[in-house]
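Going line by line, the protein sequences match chains A and B.
Just so we're aligned: 220 in full-length UniProt numbering is position 220 of the first sequence, and the numbers increase by one with no gaps anywhere.
Just so we're aligned: 205 in full-length UniProt numbering is position 205 of the second sequence, and the numbers increase by one with no gaps anywhere.
Simulated from the structure, these hints should not be mistaken for laboratory data.
Watch out, some of these pointers could steer you wrong.
Copies of the same chain are indistinguishable here, so a pair counts whether it falls within one copy or spans any two.
Quick list of in silico lysine to any residue cross-link-like pairs, SDA-like style, CA-CA up to 20 angstroms [stated by the list, open to error]:
1) Lys231 - Pro204
2) Lys53 - Glu133
3) Lys90 - Glu250
4) Lys128 - Gln78
5) Lys128 - Met11
6) Lys231 - Tyr249
7) Lys128 - Phe73
8) Lys33 - Ser94
9) Lys128 - Val59
10) Lys76 - Val191
11) Lys76 - Gly162
12) Lys128 - Thr102
13) Lys128 - Arg109
14) Lys128 - Arg145
15) Lys90 - Ile115
16) Lys53 - Gly213
17) Lys33 - Gln206
Please read all numbers here as calculations on a predicted model, not as lab measurements.
Protein chains: 2
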Amino acid sequence: MAVTRLGRNPMYQQIADALREQIADGRLAPEAKLPTEAELRAEYDVSRETVRKALGVLVNEGLVISARPQGHFVRKRQPMVFRPQAEFRKRPYSPEMDAFMTEYSAEGREPRQEIEVAIVEPPEEVAKRLQVEAGELVAVRKRVRYLDGEPFNINDSYFPLGIVRDSEVMRPEDIGRGANEVLAELGYRQVRALDELYFRMPTPDQAHRLDLGPGTPIGYHIATGYTSEGKPVRVAITVLPGDRHVVSYERHRDVPSEEA
Amino acid sequence: MAVTRLGRNPMYQQIADALREQIADGRLAPEAKLPTEAELRAEYDVSRETVRKALGVLVNEGLVISARPQGHFVRKRQPMVFRPQAEFRKRPYSPEMDAFMTEYSAEGREPRQEIEVAIVEPPEEVAKRLQVEAGELVAVRKRVRYLDGEPFNINDSYFPLGIVRDSEVMRPEDIGRGANEVLAELGYRQVRALDELYFRMPTPDQAHRLDLGPGTPIGYHIATGYTSEGKPVRVAITVLPGDRHVVSYERHRDVPSEEA
């Protein structure tokens, strides 16, 4: 995105703009050290306060990390692809998605997850989507996923208790074939899903659990899975730190015969 | 999301947690006035500084708006559905998406857009996706969309100049049948697209153009459209303020015959 430069923009913003441009075009690479406060003061002939304000803008945008006393550094972004379609379609269909997945592959990074299972009164946003009555209990599998020891995302999946009560879903262990397959074996195969994606600032609890720096928004992904009869049998909420993820979908134009 | 409460959480955070919970469960409805600083001080027996810190947390999370001297208010969220699939499939297929679209309908709200057309050297992220050489120029249609006079999102669509040079795409006017249809008429029908969605803090320029309050992240949606030969002919970048949008997709399990 081209940054519009107006002569009337305050100086700290012009400095932030200049540095942002250098980050965007790669002159300042990920993990590179920014010029020091003294260097910026000399270069732009401004006060220490102006320089600090400029750097503060970039920290709040999540582009720069302040690591005193060493200085300021360009934030490294190594996003992981979150591909909700993988659930119903293991292999991408298009060469473009194939190439994209390869570019962002997490290969060689060590995955790990922590799983907790509980029976709870669901939050309202879950109760509504699962269509359960007030006070009705549901099962939840709460997972924190790590890559190379760093927390990458949080996934909480909710299920009607009546369906999963005596199943593997209730065990706090990895389910090799996936919870969706267990639901299918129980007679509740999901054939459709509705995805909702919101962009928010994290709550302090999320920031803590995901070790988020300032200026790091989250994607809040809610997937509701339905059987062919339209019964919702799963609500999966994934919290995706913006500095670690890109969400991706592939789309195809319908062939005319399917448009009828 | 249940908020974990630990006895050792600082007081300002406990107050923020309590207010956040009231906002989440609707006791404090959108646009409701929060208790005054004096009321919160009395209720929790804390200093003015602690109360201000608690309110600051909620402002930074984008949940609360500070409107001095009137006080603090719960932010109203009236998101619009952004449905990238609408491009290739006008009508949703599933009853769930139908219901969802109806719930969030913008019906009765007055849409308007400003359109600007230019020939530019594309930003690197566009050049890469359109597979154009360094220095090659492209056409861009820049749109700001408004609802009821408020800016809702920014959409910049880039096209190879050679394809659209003498077409309607170059006129700064609404194209009733859509730019994609014009491309198809020119022999470049898009049959596939790859969507990427990033979550970021806005740049000052975006915050200004979209009139964003503090604590408002953006969704950054990049759609690349391909012909059946795999030629990229369009890159559309949409900036979606988090307080005004939900992105939604519907998914279907492939029937086995299509998995081959």
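Hint check:
1. Taking the shortest Cα distances, Lys231 and Pro204 never come within 20 angstroms of each other, neither inside one copy (34 angstroms) nor across copies (45 angstroms).
2. Taking CA atoms no more than 20 angstroms apart as the test, Lys53 paired with Glu133 passes in neither setting, with 51 angstroms inside one copy and 37 angstroms between copies.
3. Taking the shortest Cα distances, Lys90 and Glu250 sit within 20 angstroms of each other both inside one copy (13 angstroms) and across copies (17 angstroms).
4. Only between protomers do Lys128 and Gln78 lie at most 20 angstroms apart by alpha-carbon distance; the minimum there is 18 angstroms, versus 35 angstroms within a single protomer.
5. For the homomeric pair Lys128 and Met11, neither the shortest alpha-carbon distance inside one copy (49 angstroms) nor that between copies (32 angstroms) is at most 20 angstroms.
6. Taking identical chains as interchangeable, the C-alpha atoms of Lys231 and Tyr249 lie at most 20 angstroms apart only when they sit on different chains, with a minimum of 18 angstroms there against 24 angstroms within one chain.
7. Taking CA atoms no more than 20 angstroms apart as the test, Lys128 paired with Phe73 passes in neither setting, with 44 angstroms inside one copy and 25 angstroms between copies.
8. For a Cα distance limit of 20 angstroms, the shortest separation of Lys33 from Ser94 qualifies neither inside one copy, at 39 angstroms, nor across copies, at 50 angstroms.
9. Taking identical chains as interchangeable, the C-alpha atoms of Lys128 and Val59 are never at most 20 angstroms apart, the minima being 38 angstroms within one chain and 27 angstroms between chains.
10. In this assembly of identical chains, the alpha carbons of Lys76 and Val191 never lie at most 20 angstroms apart, being 38 angstroms within a copy and 34 angstroms across copies at closest.
11. In this assembly of identical chains, Lys76 and Gly162 lie within 20 angstroms of each other by CA distance neither inside one copy nor across copies; the values are 45 angstroms within and 36 angstroms between.
12. With identical chains, the CA atoms of Lys128 and Thr102 are at most 20 angstroms apart between copies only, with a shortest distance of 16 angstroms across copies and 37 angstroms within one.
13. In this homomeric assembly, Lys128 and Arg109 never come within 20 angstroms of each other (Cα to Cα): the closest approach is 37 angstroms inside a single copy and 26 angstroms across copies.
14. Neither within a single protomer nor between protomers do Lys128 and Arg145 lie at most 20 angstroms apart by alpha-carbon distance, with minima of 26 angstroms and 31 angstroms respectively.
15. Proximity of Lys90 and Ile115 under a CA criterion of 20 angstroms is satisfied in neither setting, with 23 angstroms inside one chain copy and 40 angstroms between copies.
16. For the homomeric pair Lys53 and Gly213, the shortest alpha-carbon distances inside one copy (18 angstroms) and between copies (18 angstroms) are both at most 20 angstroms.
17. Within a single copy, Lys33 and Gln206 get their C-alpha atoms no closer than 28 angstroms, and across copies no closer than 26 angstroms, so neither meets the 20 angstroms cut-off.
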